[in-house]
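*Asks:* Chain by chain, the residues:
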Amino acid sequence: MSAAASPLVDGPGLTRASAVMIAVLRCGVALMWIQNVAWKVPPDFGRANNNGLFFWAGLAVEHPVFAPYSAFVDGVVLPNIEVFGWFTLLIEAGLGAFLLIGLATRFWAIVGIGQTLAITLSVLFAPNEWHWSYYLMGLAHLAIFATAAGRSYGVDGVMRETWSASSGRLSRLMMRLS
Amino acid sequence: MTGGSGTSTTRDRAAIVIGAAAIVLAGFVFGAALPREFRFVNIGPVGAGLLVAGGVLSIASGIIRQRMLRLIAGALLTGAALVQLVGLAVSIRPLGGDASAMAVIGGLGIGLLVLSLLPSPSTQPHDPTKGNP
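These protein sequence lines map, in sequence, to chains B and U.
So the first sequence is numbered by the working numbering: it starts at 42 and just counts up by one.
So the second sequence is numbered by the working numbering: it starts at 7 and just counts up by one.
If we strip away everything but chain B, and leave its shape as in the complex, we get (with noise of 0.2 Å):
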């Protein structure tokens, strides 16, 4: 096993374009949810006009894939999609925010993994969408998980040293995050 890539990679073993590899693959997830933030607009988040995320919130519905969840959206989401759509704006925009920059990165790619599923719950019987985006959306998010890849040209790297220094509650808490 080489050495670590660089001073902002904390992974003995991986080589710089391995590193660079991981880094690319979680900033394009990361531009994937800022890019889709996008269109979650306040207040009413497109119930007004039958659009944005109350339309894709709705195809739940109209093509259910697992028939708990799709009664889940019709009787509680969409009813209060004023809620939920601020949720989805947070929880996405962190998903963007937190990938970029690399840190506590295990524990938002779980997070991806679990938006991906409800997005995938909702969409993936409605016509013309290709069921791979979502298989492959979940699957980059558990290699973003298995190769902790904020640790390569990431905050979680560079910060790690200082956790690991640290007996701290928080400390402790980022090492198992990052």
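Keep in mind that the hints were calculated from the coordinates and are not lab data.
From a predicted model like this one, the values you see are computed outputs, not experimental measurements.
Glycine residues also receive a C-beta, built at the ideal position from the N, C-alpha and C atoms.
Please note that a few of the clues may not be correct.
Unchecked claim - Over 12 Å on every C-beta distance to chain U, these chain B residues come out as not near it, computed from the model: (1) 49; (2) 59; (3) 77; (4) 96; (5) 97; (6) 99; (7) 121; (8) 138; (9) 164; (10) 173; (11) 178; (12) 204.
Claimed, not checked - What follows is a list of derived Cβ distance ranges for each label pair: (13) B:210 with U:88: 21 to 27 Å; (14) U:81 with B:113: 39 to 45 Å; (15) U:40 with B:209: 43 to 49 Å; (16) U:26 with B:158: 32 to 38 Å; (17) B:155 with U:93: 39 to 45 Å; (18) B:96 with U:55: 33 to 39 Å.
Chain B is fixed; fit chain U onto it per the hints.
*Replies:* This is chain U only, laid out in the frame that chain B set:
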């Protein structure tokens, strides 16, 4: 001001990378000319200006090893993202663009704050495997 430890140097380099990223991402202010598929961030002139200002401060902080400058850059960007968040709630876009601008500016700002606020580690050697799940 940061000390002369190796870790401070690493944080300085990270600040330079984040600053450069901020300036590059500010280029999306011209994104309207791009096909929709490549328009990753929607940002207005105010947001782009803040990204450039924060980016320049961050790069300068890395070059001259001034932690306070990095802190100012982080606070500037994080504050701007919070203003955009409040603006979104009342249908105003202070930075132009939309929530994508908030995510980018907020992410870079939080990164700089983390690099600035946490104390430098002690001299004990770092074990990269410590804390691995």
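*Asks:* All hints, please: hold or fail.
*Replies:* Comparing the hints with the structure gives:
Separation of residue 49 of chain B from chain U is inadequate, the least Cβ-Cβ distance of about 6 Å not exceeding the 12 Å criterion. Remark: the non-interface label on residue 59 of chain B is consistent with the geometry, its nearest Cβ contact in chain U lying 15 Å away (cut-off 12 Å). The claim that residue 77 of chain B is not at the interface with chain U is violated, since a C-beta of that chain comes within 12 Å of its own (minimum 8 Å). Remark: the non-interface label on residue 96 of chain B is consistent with the geometry, its nearest Cβ contact in chain U lying 17 Å away (cut-off 12 Å).
For residue 97 of chain B, the condition that its CB be more than 12 Å from all CB atoms of chain U holds, with the nearest at approximately 15 Å. Distance check on residue 99 of chain B: its Cβ is at least 21 Å (rounded) from any Cβ of chain U, clearing the 12 Å threshold; non-interface status holds. Listed as a non-interface residue, residue 121 of chain B keeps its Cβ farther than 12 Å from every Cβ of chain U; the least gap is roughly 16 Å. Once the 12 Å rule is applied to beta carbons, residue 138 of chain B is inconsistent with being away from chain U; the minimum gap is 3 Å.
With a least CB separation of 19 Å from chain U, residue 164 of chain B remains clear of the 12 Å interface cut-off, as annotated. Residue 173 of chain B, annotated as away from the interface, keeps every beta carbon of chain U farther than 12 Å; the closest lies near 18 Å. At the 12 Å boundary, the C-beta of residue 178 of chain B stays outside the reach of chain U, the nearest C-beta of that chain being 16 Å off. Here residue 204 of chain B does not stay apart from chain U, with its beta-carbon only about 7 Å from theirs, under the 12 Å limit.
Distance hint check: the CB atoms of residue 210 of chain B and residue 88 of chain U are about 26 Å apart, consistent with the given range 21 to 27 Å. Distance hint check for residue 81 of chain U and residue 113 of chain B: the Cβ-Cβ separation is about 40 Å, which falls inside the suggested range of 39 to 45 Å. Against the hinted window of 43 to 49 Å, the Cβ-Cβ separation of residue 40 of chain U and residue 209 of chain B comes to about 44 Å, which satisfies the hint. Checked against the hint of 32 to 38 Å, the C-beta distance between residue 26 of chain U and residue 158 of chain B comes to roughly 35 Å, which is consistent with it.
Look at residue 155 of chain B against residue 93 of chain U: about 28 Å separates their beta carbons, and that is not inside 39 to 45 Å. At about 34 Å, the beta-carbon gap between residue 96 of chain B and residue 55 of chain U stays in the expected band of 33 to 39 Å.
Comparing the model with each earlier hint shows violations of hints 1, 3, 8, 12, 17; every other hint is respected.
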